[in-house]
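**Q** First to last, the sequence lines map onto chains H and G.
Residues in the first sequence are numbered consecutively from 1, following this note's numbering.
Residues in the second sequence are numbered consecutively from 1, following this note's numbering.
Certain hints may be false.
Pairs involving identical chains hold if they fit within one copy or between any two copies, as the list cannot separate such chains.
With a straight-line Cα cutoff of 27 angstroms, these simulated DSSO-like cross-link-like pairs (lysine-lysine) come out [claimed, not checked]: (1) Lys-178 to Lys-50; (2) Lys-92 to Lys-272; (3) Lys-289 to Lys-272; (4) Lys-11 to Lys-289; (5) Lys-11 to Lys-92; (6) Lys-92 to Lys-50; (7) Lys-92 to Lys-289; (8) Lys-133 to Lys-289; (9) Lys-50 to Lys-133.
Since the hints were derived computationally from the structure, they do not count as laboratory data.
There are 2 protein chains.
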Amino acid sequence: MTENSAADDRKARARDWFESLRDRIIAAFETLEDQASPDLYEGAPGRFEKTPWTRPTGSGGGVMSMMHGRLFEKVGVHTSTVNGTFSPEMAKTMPGADEDPRYFATSISLIAHMWNPRVPAVHMNTRFFSTAKTWFGGGADLTPLLADQRSQDAPDAAAFHAALQAACDAHDPAFHPKYKAWCDEYFFLPHRNETRGVGGIFFDHHDTGDFEADFAFARDVGEAFLASYPAIIARRMGEAWTPEERDEQLIRRGRYVEFNLLYDRGTTFGLKTGGNVDTILSSMPPMVKWP
Amino acid sequence: MTENSAADDRKARARDWFESLRDRIIAAFETLEDQASPDLYEGAPGRFEKTPWTRPTGSGGGVMSMMHGRLFEKVGVHTSTVNGTFSPEMAKTMPGADEDPRYFATSISLIAHMWNPRVPAVHMNTRFFSTAKTWFGGGADLTPLLADQRSQDAPDAAAFHAALQAACDAHDPAFHPKYKAWCDEYFFLPHRNETRGVGGIFFDHHDTGDFEADFAFARDVGEAFLASYPAIIARRMGEAWTPEERDEQLIRRGRYVEFNLLYDRGTTFGLKTGGNVDTILSSMPPMVKWP
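Chain H extracted, bound-state conformation:
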């Protein structure tokens, strides 16, 4: 293969991986919708609706997959694959863009808000970025809504961290401590002096110089998410909840909104630079209270 076709092959494989992961996550979530007890969850099992979109410039697009179900109050699993040329200003901040301002990016991003306040919300995304350099970025973090689930050793948090740590440790024992700390630092609300949830991992510019190893790491993060979050839901979904717990959930969701609109780089950058508003704000909780 020429260097160009090798690069194209990597982009295609990354894209295929994100889209196949999306399909498997959707299948797992729809199965959970089917399994949710009608004693606790009203209505028919939800199904994902897919909405393709393209950038006005024509340089790529994606697919929004949203479900408003009986177990999943609102969940989005989005993939996108875009390419373009960085503005001179943006180029300064992106690795490799000083050599060549053209970029390619393919990604999956997911956010789930559940009806049951006893089931944590979750966020996951992974992306492959290609300029004159290539790298992976992303992460996954868990947001329990009830105070008694928000310690690091609460069962859901412990299970989530263990799955991500195993995925990291299989590649390099240095990854998990570094990426867990980065997550805690990133998902923090200074004005509340609170973390958004119990964390997980967060990484960016992940480039060891070995594409195959880095791609395998990104895949393992996706596999760890798929192995752990649906299992957390399955363990929790049979628990009945009180109106007070639902209220606590709706109030805590306000912190999620505050974080996303005040601090999240993807959200604020996307909204302020003409990104796809529907996709970007599909992460917002379906119902929120600031009492």
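Assemble chain G onto chain H, guided by the hints.
**A** Showing chain G alone in chain H's frame:
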């Protein structure tokens, strides 16, 4: 009077005005709570609860006055009077602070979210700022929640604008066009390509060189608000609403949250510089949907 005591006298008069305006607004709102029909509004008439706060530095404080009523779903009418010294960075952006970084500020700020989606939400604030210079700032703007109330010539919008225009015109016919345009420009959500509401007026660094005239203008803005908003409520509060209208209201409130957290200078500046979180976020709507 010496120059210093004249300055102190102005500060005290501005503070007294904001606090007396607060008391009159609270009385008007509580009267409306009493008048709301039990056929439409559940529960007992609400009453304001006052919570004084002081800055951790001890350089002033304020009083939060909040009511969670049957007509007013959530309303805050806050006053604060603080003094301090600008950081060198802040001093660069504030008139007069290059001469002397000390400042004094006294203000009223109000936000009302109503149960009835047919009654618009409102925001009003006015402040007196004193550095080596002095000026007034503030404004008032109306946010109807239903699409058919969001034109400039809808009855509520027209009444609100007329009241503010009369207050402005009594001082200078140039004020209203300028301050109405400033309001439209300020309360705009670029990512939605939408205004937050139907506008009103917005002004800052209002300093004609005549303190008495400027203070009279600030008072007239407050009087115009007090004459117009309670009257809008009184006309609308007897109208029954549908669940679909309530839903439309909760969704439109999302725009309010997006504006405040993404763009509002007071909110983002306050939250990112250690302001009183409870007071700053008391403007958030009590319940919001992003479906």
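**Q** None of the hints should be skipped; say for each whether it holds.
**A** Hints, verified against the model:
Within a single copy, Lys-178 and Lys-50 get their C-alpha atoms no closer than 35 angstroms, and across copies no closer than 46 angstroms, so neither meets the 27 angstroms cut-off. In this homomeric assembly, Lys-92 and Lys-272 come within 27 angstroms of each other (Cα to Cα) both inside a single copy, at 18 angstroms, and across copies, at 26 angstroms. Taking the shortest alpha-carbon separations for Lys-289 and Lys-272, both the intra-copy value of 25 angstroms and the inter-copy value of 22 angstroms come in at or below 27 angstroms. When the C-alpha separation of Lys-11 and Lys-289 is checked against a cutoff of 27 angstroms, the pair qualifies neither within a copy, at 42 angstroms, nor between copies, at 37 angstroms.
Only within a single protomer do Lys-11 and Lys-92 lie at most 27 angstroms apart by alpha-carbon distance; the minimum there is 23 angstroms, versus 48 angstroms between protomers. In this assembly of identical chains, the alpha carbons of Lys-92 and Lys-50 never lie at most 27 angstroms apart, being 35 angstroms within a copy and 50 angstroms across copies at closest. Proximity of Lys-92 to Lys-289 under the C-alpha cut-off of 27 angstroms is found in neither arrangement, the shortest distances being 40 angstroms within a copy and 38 angstroms between copies. Within a single copy, Lys-133 and Lys-289 get their C-alpha atoms no closer than 44 angstroms, and across copies no closer than 41 angstroms, so neither meets the 27 angstroms cut-off.
Taking the shortest alpha-carbon separations for Lys-50 and Lys-133, neither the intra-copy value of 32 angstroms nor the inter-copy value of 58 angstroms comes in at or below 27 angstroms.
Checked against the numbered hints given earlier, this structure breaks hints 1, 4, 6, 7, 8, 9; the rest are met.
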